[in-house]
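Number of protein chains: 2
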Amino acid sequence: MSSYELFYWPGIQGRGEFVRLVLEDAGADYVDVGRKPDGYKRILAALNGEIGPHVLAPPILRAGDVVLAQTANITRFVGERHGLAPADEPGRLAAATIALTIADLVDEVHDTHHPITVAEAYEKQKPAAAERARAFRDKRLPKYVGYLERNLTGDWLVGGACSYTDLAAFQIVEGLRYAFPRAFAQVSCPKLLALRDRVAARPNIAAYLASDRRLPFNEHGIFRRYPELDSSSET
Amino acid sequence: MSSYELFYWPGIQGRGEFVRLVLEDAGADYVDVGRKPDGYKRILAALNGEIGPHVLAPPILRAGDVVLAQTANITRFVGERHGLAPADEPGRLAAATIALTIADLVDEVHDTHHPITVAEAYEKQKPAAAERARAFRDKRLPKYVGYLERNLTGDWLVGGACSYTDLAAFQIVEGLRYAFPRAFAQVSCPKLLALRDRVAARPNIAAYLASDRRLPFNEHGIFRRYPELDSSSET
Chain A
1 MSSYELFYWP
11 GIQGRGEFVR
21 LVLEDAGADY
31 VDVGRKPDGY
41 KRILAALNGE
51 IGPHVLAPPI
61 LRAGDVVLAQ
71 TANITRFVGE
81 RHGLAPADEP
91 GRLAAATIAL
101 TIADLVDEVH
111 DTHHPITVAE
121 AYEKQKPAAA
131 ERARAFRDKR
141 LPKYVGYLER
151 NLTGDWLVGG
161 ACSYTDLAAF
171 QIVEGLRYAF
181 PRAFAQVSCP
191 KLLALRDRVA
201 ARPNIAAYLA
211 SDRRLPFNEH
221 GIFRRYPELD
231 SSSET
Chain B
1 MSSYELFYWP
11 GIQGRGEFVR
21 LVLEDAGADY
31 VDVGRKPDGY
41 KRILAALNGE
51 IGPHVLAPPI
61 LRAGDVVLAQ
71 TANITRFVGE
81 RHGLAPADEP
91 GRLAAATIAL
101 TIADLVDEVH
111 DTHHPITVAE
121 AYEKQKPAAA
131 ERARAFRDKR
141 LPKYVGYLER
151 NLTGDWLVGG
161 ACSYTDLAAF
171 QIVEGLRYAF
181 PRAFAQVSCP
191 KLLALRDRVA
201 ARPNIAAYLA
211 SDRRLPFNEH
221 GIFRRYPELD
231 SSSET
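Protein sequences, first through last, are from chains A and B. The first sequence begins at 1 in my numbering and counts up by one. The second sequence begins at 1 in my numbering and counts up by one.
Extracted from the complex, chain A is given alone in its bound form (with noise of 0.2 Å):
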C-alpha cells in the first residue's frame, strides 16, 4: 500500500497539481485516485464522509490515520515530512503564510471565470467574468504577482531551500502563462521567472514534466485560456 492517497478530479491540473508537485518532488509514493478505474467513485465516497466528515471537497490526501482537505494544508504537511520546508518555526510559519496567500490568489484566478456560481458553466455568467477577470488584471494580478517577487530576496522565498511555497510559486507562472499571457507579459516579475527556472531543473519536477501524469491545462481546470478575459494586448 502506498504512502499516500490522493483524492482529486481526474482529467485536470486543477488544485490537485499543488500537491502533485510536492509529492513528485519528494519522490513520494503515492496513487493518484482519480486517474484510476474506480477512482470517480472513490472520490465520490470520500465526499460522502467515507473517510472522514471534515473533508468538503478535492485535493483530500489520505496518509495512514491523517485525512485532510485544503491545498495549502496538505503541501505543508507533505512539505514539512519531506523537508520541503523551512525548520525553524519562523520560517514555517512564513512558508504557511506565502502558500495561503498564493491559494487565495488561484481562488480568484477561478473567479474570474466563475464570478457568479459555480453550478453553472462560464458561458452562463460571460459579462460578469469580463468585469472580474478586468478587475483581477488591473489590479489583483499585479498585486500578487508583486508580493511573490518581494519575497524573493535569495534563491527561495523563505530561508536558504526550496520549500513546497517555491513548487506553489512555479504553478502560478505557469498557469498565468497559460490563462493570462498578455496580461501576465505586463508584470515585471524577474526574480519570479527565475525561480520558476529553479523549479523546472529540479530533477524530480523536470521528470514529472515531462510524464504523462503532467496533464495540460485545459479549459476544465483553475487556469482556464479564455482570450476574451486575458488583455487586449501585450504593451
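Fair warning: there could be bad hints in the mix.
The list treats identical chains as interchangeable, and a pair is accepted whether it falls inside one copy or across any two copies.
[Said to hold, decoys possible] Derived pair list, reagent style DSBU-like, types lysine-lysine, alpha-carbon separation capped at 35 Å: (1) K143 - K41; (2) K36 - K143; (3) K124 - K143; (4) K191 - K143; (5) K36 - K139; (6) K36 - K191.
For the record, the hints were derived by calculation from the structure and aren't laboratory data. Just so it is clear, the structure is predicted and the values come from calculations on it, not from any experiment.
Chain A is fixed; fit chain B onto it per the hints.
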C-alpha cells in the same frame, strides 16, 4: 511588552474576529494594534513589509520572532499553543481542514457583496451581487452549514474538547444570523446552534462578548446586512 500583537483594521470585526476569539478564550495577553492611536499607521507599515515581506493583508499576528498572516493559519498557531486544538496529529489536521473550509465560507460571504472587485463599493456592483447572493443562499450556504452540522457527532467539531475551530463556527453562526437572517433560518442545523450556545457560555468568551472589545457587526465588515441580498421571506 505583550505576548501577541494583532494587526487588523479598526472599526470592524472582519476576519480579525476569528483571531480575537481564540486570543480571548485563551486568556492571552495581546494588543489589538489597529485600535491604538497610531494603529492605522502601524498596519500600513506592516503591509509595506516592515515586519516581514510574507504578509500581504490583515489579520497579521506577531509573537516574538514569529510573524504570520492568514486567518486560519493564525488561529491554528494560537490554538495549538494554548490547548485550544486537538493534541493528536489526525485531530490537529482535521481541525486545520475545518478552519480553512470555514475561511472559504467567509470568502464566499464577502463576495456576495463584492462579486466583481474589492476596489469598488458594493453599490457599484449590485446586479452581480444580487446574482451571487442568490447562488450563495440557494447552494453554498446549505452546503457549508450542512458540512459543519455533520461534523458535530459530539459536543465539539473535532475530538472531545473545544478548539479554535469551534470558536470559528460560533462566529459563523453569529455572522450568518446578522447578514442572512431569513436564509439562515431556513437551514436546519440544531447541533451547530447548540455549539454556538456552548461557545457563548464559555467564561472568557462570555466576558469578551459583554465587553466593548466586541464591536457590533456593521456594513464595513465581512458579514453585512443588506436585506436585498437575503431571501425574500423565511418560509
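Cross-check of the supplied hints:
no. : hint        : result
1   : K143 - K41  : between (40 Å within a copy, 20 Å between copies)
2   : K36 - K143  : between (39 Å within a copy, 28 Å between copies)
3   : K124 - K143 : both (28 Å within a copy, 22 Å between copies)
4   : K191 - K143 : within (15 Å within a copy, 41 Å between copies)
5   : K36 - K139  : between (41 Å within a copy, 30 Å between copies)
6   : K36 - K191  : neither (38 Å within a copy, 37 Å between copies)
Violated hints amount to a single one, hint 6; each of the other numbered hints is respected by the structure.
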